[in-house]
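Asker: Each chain is listed here by its residues.
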Amino acid sequence: MVPATLAKSLVEICGRDGVILDEDRLLVYESDALTAYRHRPGAVVLPRSTEQVQGAVRAVAEHGLPIVPRGAGTGLSGGAVALDGAVVIGTARMNRILDIDAPNRRAVLQPGVINAELSAAARVHGLYYAPDPSSQTTCTIGGNVAENSGGPHCLKYGVTSRYVTGLAVVLADGSVVRLGGQGREAAGYDLVGLFVGSEGCFGIATEIEVGLLPVPEGVRTLLGIFDRIDDAGQAVSDIVSAGLLPAALEIIDGPTIRAVEDSVFAAGYPTDAEAALVIEFDGLKAGLDEDVERAAVLCERAGAREVRSARDEEERIALWKGRKKAFGAMGRIAPDLLVQDATVPRTTLPAILRGISEIGERYDLVVANVFHAGDGNLHPNILFDRRDEHELERVERASKEIMQLCVDSGGTITGEHGVGLDKKHHMELIYGPDELAAMWGVRRAFDPGGVMNPGKVLPEGAGGD
Amino acid sequence: MIDSGVDRVVPVLSVLPEDRVLVGESARDWARGRSNGPGWMPGDPEVPVIVFPASVEEVSALVRVANEKGMRLLPAGLGSWLGGGGWTHARDVIVSCVRLNAVEHYEPADLTLTAGAGLGMTELDGVLRPNGQWLPMDAPGADAGTVGGLVACGVSGAMQGRYGAVRDNVLGIDVVTGAGRMLRIGGRVVKNVAGYDLVRLFTGSRGSLGIITSVSVRLFPRPETDVTLCYAGRAAEMAALAHAMCTSSLPVAAVGLEAGNGDTICTARLLGSAGEVEEARSRLIDNAGQEPRRIVRDDESALLHRERAAWEEGSALVVRLAALPDRLADTFERARVLAGALGGGVAADALRGAVRVKASPDAGRDEDIVRALSRARGEMEEAGGSMTLSQARGKVAARVGWAGGRGSAPALGARIKELFDPASVLASRCP
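Chains as they are written, first to last, in this note's numbering: chain X, 17 to 481; chain L, 4 to 434.
Read the hints as simulated data drawn from the structure, not as lab findings. Quick reminder that beta carbons are idealized off the backbone N, C-alpha and C, glycines included. Check each hint, because a few of them may be wrong.
[To be verified] Per label pair, the in silico range of CB-to-CB distance: (1) Thr-125(L) <-> Leu-353(X): 49 to 59 Å; (2) Arg-74(X) <-> Ala-401(L): 33 to 43 Å; (3) Ala-401(L) <-> Asp-115(X): 33 to 43 Å; (4) Ser-325(X) <-> Gly-135(L): 53 to 63 Å; (5) Glu-39(X) <-> Glu-385(L): 20 to 30 Å; (6) Arg-378(X) <-> Glu-303(L): 53 to 63 Å; (7) Ser-285(L) <-> Ala-258(X): 22 to 32 Å; (8) Thr-125(L) <-> Glu-377(X): 47 to 57 Å; (9) Arg-74(X) <-> Ser-17(L): 51 to 61 Å; (10) Glu-322(X) <-> Asp-302(L): 39 to 49 Å.
[Claimed, not checked] So the derived list for chain X, only partly shown, Cβ under 7 Å to chain L, looks like this: (11) Thr-153; (12) Thr-154; (13) Gly-190; (14) Glu-201; (15) Asp-206; (16) Gly-259; (17) Ile-429; (18) Asp-463; (19) Gly-465; (20) Gly-466; (21) Pro-470; (22) Gly-471.
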């Protein structure tokens with residue numbers, strides 16, 4: 017609970033319906049989609065404008081409380097958890113698309129706009145917004161900016177930072193800075209690029225300018241079925257080495273296939289297969305047949321027992337279904353799921369997958385893999401029951417070993433979910449004291465008082481306190 | 004003047020052997036031969052000192068000595084972009100990283116490469132070509148420089164719309180900061196959100212925060228087919244054609260406009276599989292309603308674009324005008340007026356709405372140049388765009404300013420500079 021004077025100020029700034037103080041309603045905000053971390057915020061503020069964000073930031077800072085920015089709360093790293101009675105500033109009501117400038121293929125929007133709604137609005141102009149995280153029907157663009165979100169089609173099109181061209185940011189002192197902006201040459205440091213992926217530690221983006229792409233004329237989707245996951249990994253390497261650039265290359269492993277097929281999301285994948293590889297090409301219709309044919313041949317050479325090709329949109333949706341519904345289907349097998357996220361060099365995928373399987377066996381845990389194979393971005397998901405304390409401990413140890421394995425192969429601890437609260441202690445697996453001190457320094461350049469999202473991303477001690 | 008150069012060599016020699024230090028005439032020859040821009044022009048009083056460290060440790064030692072002795076260092080590769088960073092001349096020691104040129108890691112199937120910052124872009128292309136890959140970063144003058152220089156300058160070229168900007172394709176860097184810390188940031192995987200994105204901060208920082216010693220980049224498959232359509236006609240007509248090409252849904256890799264003494268030339272580059280390129284070619288011509296003056300293919304097409312990227316080479320004054328792409332016709336016209344005043348030429352990257360102007364060597368008196376540039380900047384900023392200097396002599400740059408008044412968040416920039424280079428030993432500035 018925040019002091020009464022602060023509550024009063026916040027109500028004055030954002031209106032009675034823009035401030036949540038009721039303990040029961042605050043429960044909704046106690047975690048993000050990584051439910052392992054739960055802390056109830058002191059208050060939640062839902063401003064509608066940049067000016068209201070400024071007012072709220074100043075009021076909270078005056079009371080010496082920390083601030084946690086939040087979009088839709090779909091993050092998977094505990095980044096939006098309010099530690100120490102922090103005040104959450106949620107952007108849900110800042111959900112207006114301010115401009116779609118079709119001739120220049122750009123849009124200007126408030127941070128609370130839902131990712132898929134931006135694409136839907138742009139589609140009228142033959143355009144769309146490329147980054148497509150799995151949560152795109154619920155996650156916000158502001159959240160995507162904070163996390164530098166990816167998605168299946170980032171293999172060809174790149175992640176959020178490629179598309180963010182300008183920002184208005186409210187800093188911890190309540191001032192607004194405007195960074196970047198299309199139509200003029202960049203001057204000074206790339207502060208837009210630096211802000212994207214800063215996980216709410218630098219400020220709150222209240223206006224976002226993004227680039228849009230023309231909707232591809234044609235899309236072709238293939239599904240390769242493999243008896244060995246190594247062969248699927250090999251097919252991925254062969255496709256990329258052959259100079260093909262699919263829009264997406266996704267692998268679903270055997271345990272995941274069986275979870276999906278046992279669920280209401282059954283996609284018709286053979287349950288005795290050890291991997292399914294979804295391959296998608298897009299672009300001019302004229303070039304697609306050739307690409308699809310070459311990819312199908314490479315799958316067969318790598319050992320695919322079967323390669324299916326979608327003939328229409330309905331079949332395409334069916335082929336994707338197993339991938340898109342994988343996380344939902346796992347709920348049938350175990351009550352809890354630890355969604356991991358790491359990136360490895362693509363060529364190490366077969367060895368890493370074997371290693372993960374071995375770790376799972378050693379700890380007697382089911383590990384199901386569904387991931388962006390083309391980017392080498394793994395999601396080993398550990399299934400467990402948190403009520404079993406011994407199992408929870410094994411999950412934590414296995415998870416750490418998986419991270420170490422990925423780092424040792426030349427990889428990194430997160431490809432798209434962010435560090436947040438969950439992985440801040442893994443940062444020392446990849447960075448030394450000097451790098452961490454440099455990151456602390458940059459954070460302080462934006463937020464000298466440590467008001468914005470404290471306790472996230474950087475481990476304390478490495479130049480931080 | 005020679006004496007001041009010798010004085011500056013003394014602390015450097017405690018770090019590097021004599022044969023890796025150039026001073027006086029030989030240094031001036033190196034700079035004059037390499038530099039795209041003004042570098043050392045006849046009559047300049049400054050005598051440069053150039054050093055060539057061969058390891059990260061030597062770079063680090065140089066930075067340490069610079070901090071101890073109050074020396075100022077100017078990071079460089081081959082020196083091709085030294086005229087573009089607003090460097091300060093007096094008492095600077097140029098640190099060229101050309102000896103840090105090893106390919107440290109290259110796994111073609113990963114489409115990533117790690118190399119010393121001093122690896123030349125031409126040499127890099129020689130490594131990638133046998134594997135059917137490339138780094139399609141075609142910034143002006145990039146061919147003449149190093150991969151570290153490309154990253155430090157962060158300037159993108161005409162293919163940015165297709166392949167992303169330089170900053171989108173740098174995966175990691177090793178850097179020695181002005182404070183002497185050796186940082187290894189980012190990595191060599193294509194998706195990485197571990198911690199704040201310092202890679203983007205250093206990309207395009209022009210050596211003002213640190214000396215980049217190694218870079219990891221994302222590579223692309225080299226396209227099977229490369230075709231360029233070349234149209235020619237009146238400036239307004241070609242600008243309209245270029246804009247129409249940019250807003251079509253066809254996958255055009257680059258659209259250029261070039262104006263000199265005669266007709267304005269509009270070029271559209273298509274890259275991809277044979278089937279895709281053929282289809283796009285046919286539909287672009289249908290949309291244009293006219294046959295191109297000529298069509299060039301593969302090696303000839305690649306050469307044409309390499310020449311275009313090198314278009315400003317050797318010019319002492321290069322200016323960039325930018326506005327939103329749908330303002331291209333206006334921007335191009337303003338650029339033509341400016342080029343008329345400077346006796347030079349104009350080349351545009353239509354997809355981004357950016358237009359370059361280069362001045363002729365006898366562009367006139369500084370007074371007249373400054374007046375023309377200031378007027379162009381005022382007009383561009385009034386129209387919501389910008390005018391920046393890419394290459395300029397120190398006196399002109401000092402009076403006009405490298406960038407206009409639209410630099411974002413100067414206080415944040417200053418705090419970041421203070422963080423990485425507290426004693427300001429790095430002479431270069433990020434305009």
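Asker: Now tell me if each hint is right for this structure.
Answerer: Against the structure, the hints come out as follows:
1. Thr-125(L) <-> Leu-353(X): 49 to 59 Å: Distance hint for Thr-125(L), Leu-353(X) holds at roughly 50 Å.
2. Arg-74(X) <-> Ala-401(L): 33 to 43 Å: holds (40 Å)
3. Ala-401(L) <-> Asp-115(X): 33 to 43 Å: The hint (33 to 43 Å, Cβ to Cβ) holds, given that Ala-401(L) and Asp-115(X) are roughly 38 Å apart.
4. Ser-325(X) <-> Gly-135(L): 53 to 63 Å: violated (26 Å)
5. Glu-39(X) <-> Glu-385(L): 20 to 30 Å: violated (55 Å)
6. Arg-378(X) <-> Glu-303(L): 53 to 63 Å: This hint holds: roughly 59 Å between Cβ atoms.
7. Ser-285(L) <-> Ala-258(X): 22 to 32 Å: holds (26 Å)
8. Thr-125(L) <-> Glu-377(X): 47 to 57 Å: For Thr-125(L) and Glu-377(X) the Cβ distance comes to about 50 Å; the hint holds.
9. Arg-74(X) <-> Ser-17(L): 51 to 61 Å: holds (53 Å)
10. Glu-322(X) <-> Asp-302(L): 39 to 49 Å: holds (42 Å)
11. Thr-153: violated (21 Å)
12. Thr-154: Result: violated, 20 Å to nearest chain L Cβ.
13. Gly-190: violated (14 Å)
14. Glu-201: holds (5 Å)
15. Asp-206: Holds, because the Cβ-Cβ distance from Asp-206(X) to chain L comes to roughly 5 Å (cut-off 7 Å).
16. Gly-259: Gly-259(X) check passes; min Cβ-Cβ to chain L is 4 Å, inside 7 Å.
17. Ile-429: Nearest chain L Cβ about 5 Å off; hint holds.
18. Asp-463: Constraint on Asp-463(X) not satisfied, violated at 11 Å.
19. Gly-465: violated (14 Å)
20. Gly-466: This interface hint is violated because 15 Å lies over the 7 Å limit.
21. Pro-470: Violated - the Cβ of Pro-470(X) stays beyond 7 Å from chain L, reaching only about 15 Å at its closest.
22. Gly-471: violated (15 Å)
Hints 4, 5, 11, 12, 13, 18, 19, 20, 21, 22, counting from the list given before, are not met by this structure.
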